[in-house]
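Protein chains in written order, with my numbering: chain A, 1 to 111; chain B, 112 to 224.
Calculated from the structure, these hints are not laboratory results. One or more of the hints may lead you astray.
As the list claims (entries may be wrong) - Covered stretches of chain A (in silico footprint by chain B; criterion: 3 or more residues with CB under 8 Å from a CB of chain B, positions within the stretch not fixed):
hint, region
1, 9-15
2, 57-71
3, 82-90
As the list claims (entries may be wrong) - With a cut-off of at most 25 Å between alpha-carbon atoms, the simulated DMTMM-like pairs for lysine to aspartate or glutamate come out as follows:
hint, chain 1, residue 1, chain 2, residue 2
4, A, Lys54, B, Glu186
5, A, Lys110, A, Glu67
6, A, Lys54, B, Glu212
7, A, Lys54, B, Asp207
Cβ coordinates follow ideal geometry from the N, Cα and C atoms, glycine included.
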Amino acid sequence: GIQVEQSPPDLILQEGANSTLRCNFSDSVNNLQWFHQNPWGQLINLFYIPSGTKQNGRLSATTVATERYSLLYISSSQTTDSGVYFCAVGVGSSNTGKLIFGQGTTLQVKP
Amino acid sequence: EAGVTQSPTHLIKTRGQQATLRCSPISGHTSVYWYQQALGLGLQFLLWYDEGEERNRGNFPPRFSGRQFPNYSSELNVNALELEDSALYLCASSLDYGFYEQYFGPGTRLTVT
Chain A
1 GIQVEQSPPD LILQEGANST LRCNFSDSVN NLQWFHQNPW GQLINLFYIP SGTKQNGRLS
61 ATTVATERYS LLYISSSQTT DSGVYFCAVG VGSSNTGKLI FGQGTTLQVK P
Chain B
112 EAGVTQSPTH LIKTRGQQAT LRCSPISGHT SVYWYQQALG LGLQFLLWYD EGEERNRGNF
172 PPRFSGRQFP NYSSELNVNA LELEDSALYL CASSLDYGFY EQYFGPGTRL TVT
């Protein structure tokens, strides 16, 4: 089955620093989403980005579907950015409803 | 606009009992998904319901089942609970059958003792 690999697994930053999180996937995808899991466990939608580039404030994301990777950029990080970031993909030409999640990147932003 | 809601927030059960978890999708969404996040196992797809029908299920035993009601809300039932069923159960919804963004609820944390 498809492999979804996120890197790095852990990241520690000082407040104000920039970071890039990567998601590699082993097959063509019909859906790709980035999430931030808050301390209470809820998944917060960051981007729905099966291809192309999007920006939302200090966050931006790029998916290069032909090369099977996606990048999440966080600029001027804040302590509230701390948490686990997940990439999730849907695969296949027909919709299975299933998102396959990577193992996540745990980000800690220090004041 | 209200997001996906789930109840209860926490649920404590004894091994062998049954658990029922509930989910209400975003208004206008017809598809509901269930995922399990168990410690050390990551987030795994459980079930997908659309228009009252089960459309797909993940690699889970039959004691995990559910249904979707005419108002598109859903419930997940877990029978004969085992200790390893302890996990965060997340529900998501999307517009309909097509390739759409999934939006997640706050989850139900199930503890089996």
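Practice prompt. Determine which of the earlier numbered hints do not hold for this structure and return their numbers in increasing order.
Written response: 1, 2, 4, 5
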